Amino acid sequence: AQKVTQAQTEISVVEKEDVTLDCVYETRDTTYYLFWYKQPPSGELVFLIRRNSFDEQNEISGRYSWNFQKSTSSFNFTITASQVVDSAVYFCALSEGNTPLVFGKGTRLSVIA
Amino acid sequence: DSGVTQTPKHLITATGQRVTLRCSPRSGDLSVYWYQQSLDQGLQFLIQYYNGEERAKGNILERFSAQQFPDLHSELNLSSLELGDSALYFCASSLSDRGNSPLHFGNGTRLTVT
Chain A
1 AQKVTQAQTE ISVVEKEDVT LDCVYETRDT TYYLFWYKQP PSGELVFLIR
51 RNSFDEQNEI SGRYSWNFQK STSSFNFTIT ASQVVDSAVY FCALSEGNTP
101 LVFGKGTRLS VIA
Chain B
1001 DSGVTQTPKH LITATGQRVT LRCSPRSGDL SVYWYQQSLD QGLQFLIQYY
1051 NGEERAKGNI LERFSAQQFP DLHSELNLSS LELGDSALYF CASSLSDRGN
1101 SPLHFGNGTR LTVT
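As you go down the protein sequences, you meet chains A and B in turn.
Numbering follows the numbering used here, in which position 45 of the first sequence is assigned residue number 45; successive positions increment by one, without gaps.
Numbering-wise, the numbering used here comes out as the position in the second sequence, counting from 1, plus 1000.
Hints in this document: simulated from the structure, not taken from any laboratory.
Treat the hints with care, since some could be wrong.
With a Cα cut of at most 16 Å, we get these calculated EDC-like pairs of lysine to aspartate or glutamate [unchecked claim]:
1) A/K105 / A/E10
2) A/K105 / B/D1040
3) B/K1009 / B/E1075
4) B/K1009 / A/E44
5) A/K3 / A/D29
6) A/K70 / A/D22
7) B/K1057 / B/D1040
8) B/K1057 / A/E96
9) A/K38 / B/E1075
10) A/K70 / A/D55
11) A/K3 / A/D86
It should be emphasised that the depicted structure is a prediction, and the values quoted were computed from it without experimental measurement.
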């Protein structure tokens, strides 16, 4: 069965620091999809990125970057030069082809000015 | 704005009552998902519909039911409510029923059972 583990429950950093959010997944399928979502204090869930199991290229989008490593079943998310607006709960999620998304428990990031 | 509309935003009701949560998916999306978010359980998948048909069921209680109508909007019915049903209920939609299609979430309905 699919499973996502986000071991970091809460992280607190000072503005402009870099921070990495860890995500480890379990799946028996060779085809699967990984996602990151952001939930700011306002409560909505915002889609950030999707990665499929055949594409291990790292991705960078502005201050955000993602490191996908199949060898360690990890899909980590790094925020460079963090800002107060980055404060949110971040969720990693996994889908095995046709199955609905399974979410990790989330990591609450607090960026202090 | 995700394009997914959920109503109402807040709902306060008493134990034993029944409520209906409503969701309008993004224009063009055929799949609708319902998730429950609580502090202890995190984000739990409840049920999925695709073009009017039930596609997948998660840990949805028998007291809960859902449906997707011909115009693709969906309703989640919660009955015989208990204190433990208090949670944030999210609806999400996607273009297809495949797992590679990102889900776009509404702002949620916060249910408080007193």
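Each hint, compared with the structure:
1. A/K105 / A/E10: Cα-Cα ~11 Å, so holds.
2. A/K105 / B/D1040: The given pair, whose Cα atoms are some 9 Å apart, holds under the 16 Å limit.
3. B/K1009 / B/E1075: holds, 14 Å
4. B/K1009 / A/E44: Holds, at roughly 11 Å.
5. A/K3 / A/D29: holds, 12 Å
6. A/K70 / A/D22: holds, 14 Å
7. B/K1057 / B/D1040: Measuring from Cα to Cα gives roughly 21 Å; hence the hint is violated.
8. B/K1057 / A/E96: With Cα atoms ~15 Å apart, B/K1057 and A/E96 stay inside 16 Å; holds.
9. A/K38 / B/E1075: violated, 25 Å
10. A/K70 / A/D55: Measuring from Cα to Cα gives roughly 10 Å; hence the hint holds.
11. A/K3 / A/D86: violated, 26 Å
Figure legend: structure checked against the earlier numbered hints; hints not met, in rising order: 7, 9 and 11.
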